[in-house]
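J.: As a plain string of letters, each chain reads:
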Amino acid sequence: MLFPTIEFAVFFAVVFPITWLLNDHNTWKKLFLVAASYYFYAFWRVDFTLLLFASSLLNYLAALVIGRLQSRAWRLAVLWIAVAANLGLLGYFKYYNFFVAQLINGFDAVGLKVDVGFIELPLPVAISFFTFHALSYIIDVYRRALKPTTSLLDILFYISFFPHLIAGPIVRANKFLAQTVGRRDPANIRLGQSVFLIIGGLFKKVIVANYLSTGFVDGVFRDPTAASSLDLVLGMYAYALQIYCDFSAYTDIAIGIANLLGYEFPQNFNYPYRAVSVQDFWRRWHMSLSSWLRDYLYIPLGGSKFGTFATYRNIMITMALGGLWHGASWAFLIWGALHGAALVIERALGLAGEAAAKQRGPLATAFGWLVTLQFVCLAWIFFRAPSTDAWLGYFSTMFAGARWTTTMTPFVAVIFVLGALSHVLPPRWLEALDKRYDRASLPVKVAVPFVAIYLIAIAAPGGIAPFIYFQF
Amino acid sequence: MGIRTGFWLRAAGMAPCLPLPLYLLLPLYLLLPLGVAPGSAAAMATAEAPAKIRIAFAGDSIVDNYWSGVGRIVDANPCLKNSIELGRFARNGTGLTRGDRIYWPREIKRIGDNFKPTLSVLSIGLNDQQFIVDGSGVRTAWGAPDWTDKYRHELDEFLQAAVATRSIVLMVGMPAMRDANDNNAINGKNAMFEAAIAALGDPNLHYVEPWRLRPAGAESFASYGPDRTGRLVQIRTADGQHFTAAGEDLAASYLFPKIVEALEAAGKNLDQCLTKQTKDE
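In the order they appear, the protein sequences are chains C and Y.
Under this note's numbering, the first residue of the first sequence is numbered 65, with each subsequent residue one higher.
Under this note's numbering, the first residue of the second sequence is numbered 19, with each subsequent residue one higher.
No wet-lab data here; the hints were simulated from the structure.
None of the values given here were measured: they were computed from a predicted structure.
Glycine is no exception: its CB is placed at the ideal position from the N, C-alpha and C atoms.
Some hints here could point you the wrong way.
Here are the computed distance ranges between Cβ atoms for each label pair [what the hints assert, rightly or not]:
id	chain 1	residue 1	chain 2	residue 2	range
1	Y	Asp197	C	Leu85	34 to 40 angstroms
2	Y	Arg157	C	Ala430	33 to 39 angstroms
3	C	Ala242	Y	Pro233	55 to 61 angstroms
4	C	Ala77	Y	Gln147	20 to 26 angstroms
5	C	Pro513	Y	Lys127	50 to 56 angstroms
6	Y	Ile120	C	Lys369	40 to 46 angstroms
7	Y	Ile120	C	Ala511	51 to 57 angstroms
8	C	Thr69	Y	Pro163	46 to 52 angstroms
9	C	Glu495	Y	Gln147	41 to 47 angstroms
Computed from the model, here is a short list of chain C residues facing chain Y with C-beta under 10 angstroms [to be verified]:
id	residue
10	Phe162
11	Gln166
12	Ile183
13	Leu185
14	Ala290
15	Ser293
16	Leu294
17	Ser355
18	Ala419
19	Ala421
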């Protein structure tokens, strides 16, 4: 069930009032939301709800055991078993075939034949996201940063809660479980903000991302060697905008929906293309993943505590694995490693960190923004290009500068400008809009989302394109 | 500089401080519904060029895979690129069942009117395991006794509309899927497509057997397979239905000769662009 569909609208129209009707009966409310979330997940495949349940149960039990053990060594042993089980599940479904193919191709290259079979199982939707949710919970319990909950219902609720289940944001266990206690205060709902997050998200996804994709980006990336240099340059920026509008749309809608149900999710995007360094970019792009990687991978690896070489190594490992988290392909690994290398270079040149940022003058800041934007957009080519040949062809044709004609239609150009506005509009304007909405009369409050969603629906291209991050 | 308020927005009690460019773009936004469908803008712009062979790819998301793969074959050959215009008319998540969303008989007519294809490559049915809403809004429940008859009727309407565009129509069967239920469904649908096309008996309408990874024997889904160089690569996407780029190339190398053959049979020869080898690929 995708957010921008009639099915989801009907689903939410049922879930929203019942959730609030059950607000004074917290256990029933959570039971209802867990049932609704499993129903939501079952829309993709019913049998994988068992996997979701098994993962939740495993981590619930592991956390209980870790919480009760006094010996650090035993706690660590149980944690490792639980982490291995989580990653084993993820690896089996997501990476097994990729590694088998590399193995066979590697041996074949030296004239040896190996007979290892592929598995033909569907990749469970959201497995990367619910695995990371579960890991955050058991690692926090191991670190004594969080007490294990004795309520299986709370863990089922935390891991399966439908707004974040499919494509994040990755909500930390300590932040979410604190919200599962007692009734939620309807006064905490930021109606204007939630409504505009949802409307804005729908607009970014259904209009901007979909039209950019089908109207221009897909054509450019289909065969980059056949495109003009100008199309490749524009295609690179258009894809950067498309992936931002697609992914940030999902999390905007998720945050808005969760807030309407009384729950707080963390911010996941903060004008990422305004970043003035690659480090700054990762503080603005998919913030819940980058902070997860920092806290549960980079820091356990040693972070920056053990000298320059170890720091650079830890950055590279973290970013390469972060890239591979997106999917089993060399392109994602290269994309992650490129970002890692950029972070290492920034650190080596003394450009990283708050102190360096404060010392930069306006010109250096502008230059930093320009360089960062170009780097990020160029790196997206690896992310989008379907094969090694494709990204090699993309770069060679783009930098050859052979033809400077474009197939971008005026219509797509308008969409591009509309998408770019998402990075130009100052936050205070959006806040003013939220406040204006909050003060508006009830008929206006009702009319605005209906009219906006109606306009988006009639302006949308036919068919429903899934969100890019669903595949991760 | 931004206009401080807009009258109609203020009247609605929600006037924000919007920048001038946004106000200028609002009328355009309201005109979006009149905007042409993606991919068709460029296609229509070139529809005037009479010399080119126009190939429309229409249907659900699988046809986008064929569009990509065939597109790469065409792009790689300057002569083909000058001779052929591809039109992309796939609509994700649609099918013959949900006329309330997209009624494909009407859509295919619209494509015919605007793009005027010489040949249409159709693939549809991937999303059709559900209730049917026909073009007039009448609903038939999924699993109802008359569901298959109704689906067959929708299929006939679609095929007749495709033939009415006066283009050569290649209806491509759906390839093997990973899920056993999906596979059973598509096998049934492929058989229905073939039978419906035979029953219509139009010389311009052809059923194309689905692409197979293994030329002989029982076909089964494989997410990895040898690419054209023999290296094992992922050829089907994680959803177990669509093709990756490498898979698109394999499917297109099967489909493109069928297209050439159908065009030749209709007197549209591409011999000037194709060697014997490229013709067979």
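J.: I'd like to know which numbered hints this structure contradicts. Please list them from smallest to largest.
T.: 2, 5, 6, 7, 8, 15, 16, 17, 18, 19
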